[in-house]
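Chemist: The listed protein sequences derive, respectively, from chains A and B. As numbered in the working numbering, residues 1 to 428 make up the first sequence, in order. As numbered in the working numbering, residues 429 to 873 make up the second sequence, in order.
Among the hints, a few may not be true.
Stated by the list, open to error - Just some of the chain B residues that point at chain A, by a computed CB distance under 10 Å:
id, residue
1, T431
2, I506
3, K510
4, H511
5, I623
6, K631
7, K633
8, V719
9, Y768
10, S788
Hints listed in this document are in silico derivations from the structure and should not be mistaken for laboratory results. Don't be surprised by glycine CBs; every beta carbon is placed ideally from N, CA and C.
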Amino acid sequence: MSNILIEANNISKIYDQDIFLKRGKNIYALNNVNFQLQKGDFICIMGPSGSGKSTLLNCLSTLDQPSRGDIQIFNQYISQMHKNDLCEFRYQKLGFVFQNHNLIPYLSIYDNIAAPIILGNQKSQDIENRIKILAKDLEIESILDKFPHECSGGECQRTAIARALVNEPEILFCDEPTGNLDSKNSHKLLTILSHLNQRDTTIVLVTHDPMIASYGKTMMYLYDGGIKAVVQRNQATQREFLDQINQVVHQDTLLYEFDQTSPLQSTNPAPTTKKIKVDNQDKAFISRQTVYMVLDGFKSDENILKNSTPLYIHGTHISYQNVHHDDIEFDFKDIQEVRMDLTAQFVIFGIYSEYVFHILLDCVSPQGTYKLKVKNKDDFIHIIDYFHQNHVKVIDPRHIEEAYHQYPDDYSRQKYYKRTHKDLLKKK
Amino acid sequence: MLTFIKKIVIHQKKDYLLLLSILTLIASFEFCFIAMYDHLSRLDLKIDWMTFRAIAFIPFLTLMIAVVLSVFVAKYFIQNKKHEFSMLLLFGRKPKDLFLYLIIQYGIMSLIAFFLGFILGILIMKGINIYLIHIHMNYIFQYHFLNTFFLYTFFLIFTVIFILAISAQQFTEIDTHIIETINHKNMQKVTPYMISMSRHDQKRKVPTGQIISSLFTLHIFFYSLYALATDSLFENKFIYFALFLISIASIASIINTFIPLLFDLFHSTLLHHPLLFNSISSFIDLTNQLVSIANIHSIVLPTMFILVLMSGDMSYITPFIIPCFIMMLIMLLLCFIIKYSLYIKSIMHIYATQYALGYSPSKLFQISIFKNLLFLILVIFIPFVYIYSLGDYIITHQFLTSQVMYSLECLYLVLYTLLMIYIILKERHCIKEVINNVKYLNRGE
């Protein structure tokens, strides 16, 4: 069983879909973000205003859909789930704490906490027991019969946490939960979150405050819709972790001016570039990374490249970044065989909707299998030729190579796939 | 300031036009009621004092509803401008300046509405006269033009002063809670119901007093309704009127206290039924926010028919009751729509929160429909039962013809069905908007 709870591949978000028509370019709230959340993680997302923190949180928590890319949550693609299924999913697996506590003003504190749990038709005695235990833990026992307007900000926020925890969610999403609290209440709340995390609740928290982020295990820094840095706490103390976070945050203003060419590297004391250890796919889950393959000497499509994770092929040397943002490098000579398959994705373009086919590429090496989803269009034929030139066995059950020869342009090839691979459409 | 007002008006042209049309409609109705009153005061009727007062009270009652509607419109106007006003205060304007700002805007609009309403009012009165001839009533409203105009002007000044007095209180509120207003953090501060049976501490107790008083209210309502609709008490008009007041009070009591009491009593049972739990609790919130108009509605409409009974003269009451009832219904509907548009804004973040907590869109629709059904039964249907019961008695004793009475009842049903359809569609649209937009969950996005 995999420990990966949420996996986002190359997600982008554009709020105003017509912005391209109005201004001639898209404005991304999120731009080509990869994200992976594992069981027991405590990830703090930081970044300046407008960097896309809340957008990322909303997309990961199924409240919003990315404009591009896909999100897998508990091994299910959320784009393929119905709205009602998403609600059921949120009810069962997710908890939310918002900055403005969002308590329902006409319900008592008890009823506010019970609001999600009553969907499960549990016995009222069980509901009461659960609420009372939580209320005791969060020190809100005495206000259960009050209404939100009769309580302080700290009490309301603790009520919101109790409401988020009442269903025993596996993942807790917090969007600036301390935004309305004083330092004492903030510390209290973060201690509660840390204890929850120690008891295996996975937490994703959005904050502006480095001090708050230092309670987490990982800090992810966003800038202009993209991930600029990831800092792991590892064995560091909270104080040391805070220093590391501060280093990143203080570079913020200079970062964008001077860092156009070289992205900020992780300040993790561990080596910044490490070879990924790939286990046998039968024993370990290996994330499939969506990439755009750039072959030396061939012209690449700049528009696709701009919004994709590039995979560079220099001679036989191949390099790309996986969903953890680890740099992966390997020699193509190690590859024993390449398996090619197709996947269909239902995409909505304004009022028009269509299935779009992408190539799935499994590069099998003695160490394991590098799983890729390829965004290349017409230029993929050069990649296939590259495989043949290097005498790599290509397993192509869907006759993709033949399709490339028969239909060199993407439009007619997509039509051909749609006619000949209906099994992929049915699966959706 | 004038340049600033000009820019604001240009940018919110649609809102201002809507407001102007409502104010014009109210003004024209006011003109009609004053004209009717003037007509009545000129008639040399050989009828008893009670009958005369009953007939005269019909336009007076509708005139009062026009004032209430004007107040709602002003409140709506200020509510929509709260953020703008608080920003002006923040920039250093004095509350006195804002008051001037309001007087200029609202005053100019009232003045335009006054003249347009005057013209429209004359046309409506002509229309009423043509209609009365058309239905062979042989009755024409003849009013003194200058006298009516004078009363109409006086009434406008009175309404504007009344509205400004109410607005002053709202300004003080904005000034005191400026930060909350700017940050849109105005949380509802009314306790929706008394928690006693559903308490979770040692203070839990059965609300015996409330239960007894609610049962007594129910008993009073049905008994008084029965008594009013039968012959037994009608001879003594004083007892009849007292009984009417009791029954009217019992309707208001049922709407305001009965459902919250049930919610408190059966709280633990309701926790098993998310649909009922959420519908009833949101219904309590809805009636709390619409309490003034709900009570006015359930009191005023039955009162009109009691006045018909009191008048006891079909030839005089019919020309008054038909236009007044129609205009009253239109004004009450407008009141509901205005109050409802404020209410719907306040529940958007609640739906957004429920959606985030795992309530599916279909469940949210069900909650909304169930809540509105409760609203329909208690606020719309109970007064109708009242009108219907009295209607039979009115027809039997020929206070109004069956044709007129049934037409008025049908009009009531049609207009309120349309209102309910509007409310349900509006809420459906609100839920759809909320589930497709995360901005209702997170501040300022």
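Chemist: Is the hint on K631/B kept, meaning its closest Cβ partner in chain A is under 10 Å away?
Modeler: holds, 8 Å
Chemist: Is the hint on H511/B kept, meaning its closest Cβ partner in chain A is under 10 Å away?
Modeler: Violated, because the Cβ-Cβ distance from H511/B to chain A comes to roughly 17 Å (cut-off 10 Å).
Chemist: Quick check on the hint: I623/B CB to chain A CB, less than 10 Å?
Modeler: For I623/B, the interface hint holds, since the closest Cβ of chain A sits about 5 Å away, which is under 10 Å.
Chemist: Regarding the hint that I506/B lies at the interface with chain A, is the smallest CB-CB distance below 10 Å?
Modeler: violated, 21 Å
Chemist: Could you check if K633/B really has its C-beta closer than 10 Å to a C-beta on chain A?
Modeler: violated, 12 Å
Chemist: Tell me if V719/B is really an interface residue toward chain A, meaning its C-beta lies closer than 10 Å to one of theirs.
Modeler: Violated. Min distance 13 Å.
Chemist: Given a cut of 10 Å on the nearest C-beta pair, is the interface hint for T431/B held or broken against chain A?
Modeler: violated, 29 Å
Chemist: Measuring from the C-beta of K510/B to each C-beta in chain A, is the shortest one below 10 Å?
Modeler: violated, 18 Å
Chemist: For the restraint on S788/B, tell me whether the closest CB of chain A is nearer than 10 Å.
Modeler: Constraint on S788/B satisfied, holds at 4 Å.
Chemist: Going by Cβ atoms only, is Y768/B closer than 10 Å to chain A?
Modeler: violated, 16 Å
Violated hints for the displayed structure, listed by number in ascending order: 1, 2, 3, 4, 7, 8, 9.
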